[in-house]
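Residue-level listing of the chains:
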Amino acid sequence: MEKDELKKIIYELVEKSMGKKKLKQSDILKKVSADHGVDKSEVKAALRELMDAGELIFTYFGGSFVEIPPKE
Amino acid sequence: MSMKHQTPLLDELEKGPFPSFVKEIKRAAEHSDYAQDLLGLLELSYKEKVTHWKHGGIVGVRGYGAGVIGRYSDVPDQFPGVAHFHTVRVNQPSGFFYTTKALREICDIWDKYGSGLTNMHGSTGDIILLGTKTENLEPIFAELSSRDWDLGGSGSAVRTPSCCLGAARCEWANIDTMSITNEITQHYQDEMHRPAFPYKFKFKVAGCAVDCIASIARADMSIIGTWRGDIQIDQNEVKNYAQSGMDIQKEIVDMCPTECISWDGSELKINNEDCNRCMHCIAKMTKALRPGSEKGATILLGSKAPIVTGALMSWVIVPFMKMEPPYDELFDLVDRIWEWWDEHGKNRERVGELIERLSFTRFLKDVGLDPQPAMVKEPRRDPFFFWSEEDVAK
Amino acid sequence: MSELPQRQTDIGPPHYEQFLPPVIKKNYGKWKYHEQLGPGHMVHVAESGDKVWTVRVASPRLLSTDTIKDICDIADAHCDGHLRFTTRNNIEFMVDDESKVEPLMKELTEKGFMIGGIGPRISNVVHTQGWVHCHSAATDASGLVKALMDDLGEYFTTKSLPNRVRLAVACCVNMCGAVHCSDIALVGVHKTPPRIEHEKIKNLCEIPSTIASCPTSAISPDPQKKSVKIKIEKCMYCGNCYSVCPAMPIADPKNDGIAIVIGGKVSNLRSNPKFSKLAVPWLPNTPPRWTETVAAVRKILETYAAGAKKHERVGEWVERIGWEKFFKVTGLEFTLQHVDDFTFARETWRMAATFKW
Ligand code: HEM
Ligand code: HEM
Ligand code: HEM
Ligand code: HEM
Ligand code: HEM
Ligand code: SF4
Ligand code: SF4
Ligand code: SF4
Ligand code: SF4
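Protein chains in written order, with the working numbering: chain A, 1 to 72; chain B, 1 to 394; chain C, 1 to 357.
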């Protein structure tokens, strides 16, 4: 799968669960890898690009989660 | 700069022989608004006997989920200088050795972008840079990382590993703690900076059973150096200890927990088969006794502080592992443990708690470790044990 | 603002080797023995015959950059620009020639540093953040350490004890500093349950995670108020809920106080590592000098010093004489709080008919 497509899938997964269930990094790796049959390391690489670009961030709220940054 | 706030209660703690943290804050306050208002805020806590910090906000450096701890005052109007007062955790070099050049460099960056206050070191082992604003985080990280410093761990991630100084200056080190710690830290950079675990995971490495780094009490994985083979005895040095006033019977023989030492006034004998390597005799007669020659480590797992179910100390999962670069056997074991924890652990469940919940036997089976008497103090007391399919006659 | 340098990620800490003093680098892994020369200075001798002298001084851990630079000046003048810190937050200056020891110690003394902490005595106090930086703190840490060490300083700089005594301070029951395995440790404790701010809870807290945060399952939903309620008799005042939900403040200046736990150790020497056990359940939180707490620690320390055999740690001494005798010789009161009713309670009850009168 193209990395950009993977990034979109990840972003949408996080977007959908915002406000419902907080996702840990490993939740995302497991789910995307299982749903789309891609290796976890690929998902991880795509997720890392999203993080490095600041589109997704880590938050800390009684555990570390992946979320969309708050709008200023 | 004169002090902005009156601090009669804190001023009391400038007196007395022990070095004063109040003096430290005041020194920084000569050139730092953060430190000025920290004094005011702290004085308020001393007066009211409550803390004035709160959680909140999400701060960090781009791409990392660790290394910065957000902190905000609950009285920002009164003390604007500490409205934001975030901590930066900088990964210390193994063994806490420094050159003055390196320390001054960090100080200069911190004077420019932060409060000028530090902890040398935090309980995690990191260099703690105490107090800065959100907008300074990226500049601090650029300045530090361009000079080869990186951030430590926080949150649900590998925490900054730390160790005793081991081979650098201790004759009892059975393993090269500083090298192992450095290798672990480098090997797991991603797991440190981008939290993916159910909760935190700490490594601490001690060179021997004296455990100067308190690994058994505060690391999820405690790596403690040990040996196989006979304790090496220099009988002449033993005699020197006796001549210089040591009561060998009372201080060494009688205090050996396994009663495996004897002393007839001229020769010290150790029944090495019965020695449990507690280090007492070696520590007390450092010139005369040395550990046996086959070196390695005992790997223990699971300690944590009392929250939430009560304190745990680490317990043995691998009685003896050779510790030589590139440490593949260790990394391989760690990866298997993490996979198991990732699969079964709940949010905020330390690996030791998970093992308690699912059972140690299940852990041993799933991770692929063979049971050994060294792993338990005693066998079970109850008859309620399980068998699996393959143990039962068809 | 001036141009920032290029950031790098995941490089890890600088390699330790570049920071080692030459004599240490040369004899790395080849040390033969060490000898204590005084309460704060010792010599390590290598197989090669090389020696390194170490002088140890106390630090408050919370250091200004100005002080770090002063320390660097000393290391530049005497130690060729090298120094280290110990895990217990002491500072160590190392020299490779005996003639350099005296000038170093002279300058340290003149500048007001406390030299000591090596051997059978107290070392520096492992501690946490307290009111200086933590939202959870029931008491301060730096201030308690200062008050304690001002009083007990002689056991750092001169007087010796039967063995090492490791002190620690944690400002709340999270015990970030591993005080659960120290010889004598102070822990900030609450005595009253959290107060629920029903109005704020809606905006600030996730109800399910707040309920899940309670180790004793004391919290349940209160659907009418769209909030939670606490079963008071189940609450053990741990403050875990407050960490998860800021609308449940637990701080209570009149009732927050300090507990003393004793007898823990992490080393395996002679006896196995031990957890600390409760000696005093509550003393008042009295900054800036905490006189009641400091007096109680001194009492325990001096009773130990008088009663223990050489090389016995506090926990080993108490186990030899028995806890019942510990309360007798220290004169500390035994209360209902001392009887364990938490997770591992049963292990602690006396399942035997043998005890001392
Ligand atoms: C930006 C915001 C926050 C920061 C920077 C922050 C920081 C921290 C830090 C540094 C710790 C100690 C963990 C460690 O040693 O790394 C901690 C612990 C904790 N925080 Fe916060 N916190 C924040 C917000 C929150 C919020 C909003 C909550 C809850 C509603 C929360 C709940 C907790 C809990 C439950 C712990 C327990 C310790 C743990 O799980 O490790 N935090 N926080
Ligand atoms: C619910 C539990 C806990 C909470 C809410 C908590 C919270 C915190 C917070 C907020 C800090 C940051 C203090 C600051 O610099 O502002 C902190 C630091 C720290 N925590 Fe915890 N913590 C918890 C449990 C633990 C446990 C169980 C351990 C260890 C076993 C631990 C180890 C540490 C360490 C080592 C630090 C650094 C402290 C220092 O250097 O002063 N924490 N914790
Ligand atoms: C479910 C399991 C068990 C049941 C229902 C059970 C039941 C009993 C009963 C009814 C007695 C007779 C008591 C009396 O007449 O005073 C007894 C005695 C005894 N049981 Fe068990 N038992 C169980 C497990 C065990 C186990 C696992 C052990 C040892 C490891 C054990 C060791 C003994 C011994 C040593 C006695 C004799 C005590 C004596 O007379 O000195 N039992 N048990
Ligand atoms: C039974 C308990 C303990 C023993 C026998 C012990 C022994 C030692 C010894 C001999 C040293 C080096 C000499 C010295 O500092 O005077 C040392 C250092 C140290 N101890 Fe302990 N200690 C014990 C408990 C603890 C505890 C409970 C902690 C922390 C919570 C701790 C943390 C340290 C640290 C951090 C160092 C400095 C190590 C370094 O600089 O790398 N120790 N300990
Ligand atoms: C009379 C004897 C001894 C004295 C004065 C003494 C003192 C020390 C000191 C101060 C250090 C340096 C520790 C450091 O660099 O932090 C050291 C290395 C060490 N010694 Fe000895 N030692 C003696 C014998 C022992 C004994 C009996 C023990 C243990 C129980 C011990 C434990 C240590 C430890 C733990 C270290 C390494 C500490 C570290 O990681 O920094 N020493 N010795
Ligand atoms: S743990 Fe052992 S090897 Fe390491 S410094 Fe302490 S005594 Fe030496
Ligand atoms: S190391 Fe401990 S058990 Fe072994 S001989 Fe020495 S005192 Fe005895
Ligand atoms: S012990 Fe409690 S108050 Fe102290 S730093 Fe840790 S969480 Fe904060
Ligand atoms: S203080 Fe602790 S025991 Fe009490 S309600 Fe909160 S989480 Fe539960």
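No lab work stands behind these hints, which were simulated from the structure alone. There could be a bad hint or two in this list.
Think about it this way: if two alpha-carbon atoms lie no more than 27 Å apart in a straight line, the pair counts; the simulated DSS-like pairs of lysine-lysine are [claimed, not checked]:
| id | chain 1 | residue 1 | chain 2 | residue 2 |
| --- | --- | --- | --- | --- |
| 1 | C | K328 | C | K159 |
| 2 | B | K101 | B | K54 |
| 3 | B | K23 | C | K111 |
| 4 | B | K346 | A | K40 |
| 5 | B | K101 | C | K100 |
| 6 | B | K15 | C | K69 |
| 7 | C | K106 | C | K191 |
Simulated DEER-style distance windows between Cβ atoms [said to hold, decoys possible]:
| id | chain 1 | residue 1 | chain 2 | residue 2 | range |
| --- | --- | --- | --- | --- | --- |
| 8 | B | K54 | C | P221 | 19 to 29 Å |
| 9 | B | D254 | C | M351 | 41 to 51 Å |
| 10 | C | T216 | B | E267 | 24 to 34 Å |
| 11 | C | Q224 | B | K15 | 13 to 23 Å |
| 12 | A | D52 | B | P383 | 54 to 64 Å |
| 13 | C | I321 | B | E273 | 40 to 50 Å |
| 14 | B | P383 | C | H198 | 25 to 35 Å |
| 15 | A | R48 | B | S146 | 17 to 27 Å |
| 16 | B | D11 | C | D73 | 43 to 53 Å |
| 17 | B | S146 | A | E55 | 17 to 27 Å |
| 18 | C | K225 | B | V367 | 45 to 55 Å |
| 19 | B | W263 | C | I321 | 18 to 28 Å |
| 20 | B | A374 | C | G49 | 11 to 21 Å |
| 21 | B | E259 | A | K31 | 51 to 61 Å |
Model, not experiment: these values are computed from the prediction. Using N, Cα and C, we set each Cβ at its ideal position, and we do this for glycine too.
Q) Are K23 of chain B and K111 of chain C close enough, with their CA atoms no more than 27 Å apart? A) Judged against 27 Å, a Cα distance of about 14 Å means the pair holds.
(Q) Does the beta carbon distance between T216 of chain C and E267 of chain B stay inside 24 to 34 Å, or does it fall outside? (A) 59 Å, violated
Q) Are K101 of chain B and K100 of chain C close enough, with their CA atoms no more than 27 Å apart? A) 21 Å, holds
Q: Take the C-beta atom of D11 of chain B and the C-beta atom of D73 of chain C, compute their distance, and say whether it sits inside 43 to 53 Å.
A: Cβ of D11 of chain B to Cβ of D73 of chain C: about 27 Å, so the range 43 to 53 Å is violated.
Q. Holds or violated: are the alpha carbons of K15 of chain B and K69 of chain C at most 27 Å from each other?
A. Within the cut-off at roughly 22 Å; holds.
Q: Take the C-alpha atoms of K328 of chain C and K159 of chain C, compute the straight-line distance between them, and say whether it is at most 27 Å.
A: Between K328 of chain C and K159 of chain C the Cα gap is close to 25 Å, so the pair holds against 27 Å.
Q: Using the beta carbons of A374 of chain B and G49 of chain C, state whether their distance is inside 11 to 21 Å or not.
A: 39 Å, violated
Q. Going straight from one Cα to the other, do K346 of chain B and K40 of chain A come out at no more than 27 Å?
A. With Cα atoms ~20 Å apart, K346 of chain B and K40 of chain A stay inside 27 Å; holds.
Q) Do the beta carbons of Q224 of chain C and K15 of chain B sit within 13 to 23 Å of each other? A) Once the Cβ atoms are compared, 55 Å apart, the range 13 to 23 Å for K15 of chain B and Q224 of chain C is violated.
Q. Within 41 to 51 Å or not, the Cβ separation of D254 of chain B and M351 of chain C?
A. Roughly 28 Å apart at Cβ, these two residues miss the hinted range, so it is violated.
**Q.** Assessment of proposed distance window 17 to 27 Å (beta carbons of R48 of chain A, S146 of chain B)
**A.** 21 Å, holds
Q.
With the threshold set at 27 Å, check whether the alpha-carbon distance from K101 of chain B to K54 of chain B stays at or below it.
A. 36 Å, violated
Checked against the numbered hints listed earlier, the structure breaks hints 2, 7, 9, 10, 11, 13, 14, 16, 20; every other hint is satisfied.
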